[in-house]
Amino acid sequence: MTRPMKPAVSFALALALAAAACAGDADPPASPAEPRGSLVIIGGSERFRDRELWDAIVELAGGEGARIAILPTASGRQTGKLCEQVVKAFERGGAEARVVPVVWNATDRAVRDAAFDPELVDMIRTSTGVYFVGGSQGRIVDALRDDDGRETPILAAIRDVYAAGGVIAGTSAGAAIMGHVMYRDAPSPLQILRNGVRLGREHDHGLGFLDPDWFVEQHCLVRGRFARALVAMRSQDIPYGIGVDENTALVVRRGRHATVIGYKGVLIMDASSATSDATMEEFNVANVVLSYLDRGDAIDLQTLRVSPAPEKVDETVLDPNAADFSPYYDHRMVYTDVLGNATVADLMGRLIDNAEPEAIGLAFSGADARDQPTEGFEFRFARGPDSRGWYTESFGGEDYTVLNIHLDIRPIAIAGPLYTRRGAPEPDGERDSEATGAGNGEEMRADEVDPVGE
100 MTRPMKPAVS
110 FALALALAAA
120 ACAGDADPPA
130 SPAEPRGSLV
140 IIGGSERFRD
150 RELWDAIVEL
160 AGGEGARIAI
170 LPTASGRQTG
180 KLCEQVVKAF
190 ERGGAEARVV
200 PVVWNATDRA
210 VRDAAFDPEL
220 VDMIRTSTGV
230 YFVGGSQGRI
240 VDALRDDDGR
250 ETPILAAIRD
260 VYAAGGVIAG
270 TSAGAAIMGH
280 VMYRDAPSPL
290 QILRNGVRLG
300 REHDHGLGFL
310 DPDWFVEQHC
320 LVRGRFARAL
330 VAMRSQDIPY
340 GIGVDENTAL
350 VVRRGRHATV
360 IGYKGVLIMD
370 ASSATSDATM
380 EEFNVANVVL
390 SYLDRGDAID
400 LQTLRVSPAP
410 EKVDETVLDP
420 NAADFSPYYD
430 HRMVYTDVLG
440 NATVADLMGR
450 LIDNAEPEAI
460 GLAFSGADAR
470 DQPTEGFEFR
480 FARGPDSRGW
490 YTESFGGEDY
500 TVLNIHLDIR
510 PIAIAGPLYT
520 RRGAPEPDGE
530 RDSEATGAGN
540 GEEMRADEVD
550 PVGE
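Numbering (the working numbering), first residue to last: 100 to 553.
Just so you know, not all the hints are guaranteed correct.
In silico SDA-like cross-links for lysine to any residue, where the CA-CA straight-line distance does not exceed 25 Å [as the list claims (entries may be wrong)]:
| hint | residue 1 | residue 2 |
| --- | --- | --- |
| 1 | 180 | 147 |
| 2 | 180 | 192 |
| 3 | 180 | 200 |
| 4 | 187 | 261 |
Please keep in mind that the hints were generated in silico from the structure rather than gathered at the bench.
Predicted, not measured: the structure shown is a model, and the values here were computed from it.
Start from the sequences, fold in the hints, and give me the full structure.
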């Protein structure tokens, strides 16, 4: 898309944004209550050829000569191509990488013995960084806590690395365990919307490196998981959520100063002022506030102040409430599969830059609706007086930062059959057992059971 440059909303606003961006370049001194270390929360499917994520972990672990312990616990494999690639990725950045064999196998006792092994504990404690490979987050938690839920010496050593100023990084399953609550063995987002969640079943306790006010979701945009994140957040009264996309990371310094790096972006979900209608059995929520942060954007997780990437501040500021607002788009938006691949990010970018102030997204089973009426959900996205955006093509694409889009979710009935074919009727047996396409919000099963975490 090629668009004319737009003036800043106002001189005062542009000045404030520029100051915020500059302030994000250097962290203020840590307070005694803040952790000294850093977290690198990777949404999954990281690319070994893209160096930004790997180099960031090495740098946070001390740079050249950093000692990084790799935990393959989630994958269930101590050796193999994946671990070899991870080791090489860190070594190319100048780090010394070593695999710590805390791994599930046919003998369950082996992983528990490893979690108490003094030599392995020492490998962790003498490291400056720890990296969790993807796979099943349940394996990580079950291995690093004993049968009574107490921390093993390995987990205590990992916390010591973080407290001493080291970095804790993880991808996919390794990202999910960062929060105090996480999903495990969960079905699709649509099924979660329909059936809800139970602590100890679909979701459970994580390892809690991040503040308990924040929930972490991985593969968030590609797999439409922001919806299931909201269900978990509401069920456990967690006010805020972080949804990290694939080949992307949120780097959190000292527990609060967070920056987006990598290929795509991060969805920030603020349910602190959200409400629900308790008279309705189905999941519903009103006034969730969504913000989409792209590469280079920063956020303070305590104040929620966002500092857009300098390229966006210098290029195009979008204020839909300004008298001189000149949007690029001018059409009503209705998305028939809001849980589709990156749909929510696309929707938010187009909404902040649109003459229309709201957009509708639907979530329902296309397989069911093809033949009969079915139940679903309406997602209503609306701009408010606090909505703002920024746009740039400096990264080689069309990149938006979008703040404060208000979301309501409510159950709906989908009339069916959803469609009928024109012309001759289908021969018997030709129809597929499951329909695909628009409205089929039931995607692949969660990657938690994938042994390589991708």
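Verification of the supplied hints:
Annotation: proposed proximity of residue 180 to residue 147 holds, straight-line Cα distance about 12 Å (limit 25 Å). For the proposed pair residue 180 and residue 192, the alpha carbon gap of about 19 Å is at most 25 Å, so the pair holds. A hinted pair counts as satisfied when its Cα atoms are at most 25 Å apart, and residue 180 with residue 200 qualifies at roughly 15 Å. For the given pair, residue 187 sits about 23 Å from residue 261 by alpha-carbon distance, which is consistent with the 25 Å threshold.
Violated hints: none; the structure is consistent with every hint.
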